[in-house]
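Throughout, the working numbering is defined as the position within the sequence shown, counted from one, plus 225.
The set of hints was computed from the structure by calculation and includes no laboratory data. A virtual CB, placed ideally from N, CA and C, is assigned to each residue, including glycine. Heads up, some of the hints might be wrong.
What the hints assert, rightly or not - DEER-style ranges, computed between Cβ atoms:
id, residue 1, residue 2, range
1, Ser294, Ile263, 18 to 24 Å
2, Arg315, Met293, 29 to 35 Å
3, Gly308, Ile263, 17 to 23 Å
4, Lys252, Gly297, 18 to 24 Å
5, Ile263, Arg304, 16 to 22 Å
6, Asp314, Arg276, 17 to 23 Å
7, Asp312, His274, 25 to 31 Å
8, Ser287, Val310, 16 to 22 Å
9, Lys252, Val307, 18 to 24 Å
10, Asp314, Ser294, 33 to 39 Å
11, Leu291, Gln253, 14 to 20 Å
12, Met293, Asp314, 34 to 40 Å
13, Ser262, Ser294, 15 to 21 Å
14, Asp314, Gly261, 34 to 40 Å
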Amino acid sequence: GGGGEETVGLHMNVDDDDDSGESLSSKQVLVTGASGSIGRWIVAYLLQHTRHQIFCLVREPSRLELPMSLRGAASKRLRLIVGSVEDVDRYAQVAK
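Using the sequences and the hints, build the whole thing.
Shown next, in the form of structure tokens:
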């Protein structure tokens, strides 16, 4: 093989209904590591392609950067939880 870069794709399958028949539009999603490069992409994807309420677990809220085009949706559907995944039990009640 040559010195070319390998491209890795991430595909998220978001169905309209889950096994219980409930619409995913009313779901709540917890994204850990939301300020990291992959987490930021997942948050942006969820804001663009779903109606989910999104809870983001971040250590440093100022590191979560979203495109200006998503800030309106984020202000309505995105909530930050400041902390670490190590303390996730402490934050479990927030998403209920």
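Each hint, compared with the structure:
Roughly 20 Å separates the CB atoms of Ser294 and Ile263, a value that falls within the hinted 18 to 24 Å. Between Arg315 and Met293 the C-beta distance comes to about 33 Å, which sits within the given range of 29 to 35 Å. At roughly 19 Å, the beta-carbon separation of Gly308 and Ile263 lies within the given 17 to 23 Å, and the hint holds. Taking 18 to 24 Å as the suggested C-beta distance range, the pair Lys252 and Gly297 conforms, at roughly 20 Å.
Our hint of 16 to 22 Å for Ile263 and Arg304 holds, since their Cβ atoms are close to 20 Å apart. For the pair Asp314 and Arg276, the supplied restraint of 17 to 23 Å is violated, since their beta-carbon distance comes to about 28 Å. At roughly 29 Å, the beta-carbon separation of Asp312 and His274 lies within the given 25 to 31 Å, and the hint holds. For the hinted restraint 16 to 22 Å between Ser287 and Val310, the CB-CB distance of approximately 19 Å keeps it satisfied.
The given range of 18 to 24 Å is respected by Lys252 and Val307, whose C-beta atoms sit roughly 22 Å from each other. Distance hint check for Asp314 and Ser294: the Cβ-Cβ separation is about 35 Å, which falls inside the suggested range of 33 to 39 Å. Under the hint 14 to 20 Å, the C-beta atoms of Leu291 and Gln253, about 19 Å apart, fit the expected range. The given range of 34 to 40 Å is respected by Met293 and Asp314, whose C-beta atoms sit roughly 35 Å from each other.
A hinted range of 15 to 21 Å for the beta carbons of Ser262 and Ser294 is consistent with their spacing of about 19 Å. At about 21 Å, the CB distance of Asp314 to Gly261 disagrees with the hint of 34 to 40 Å.
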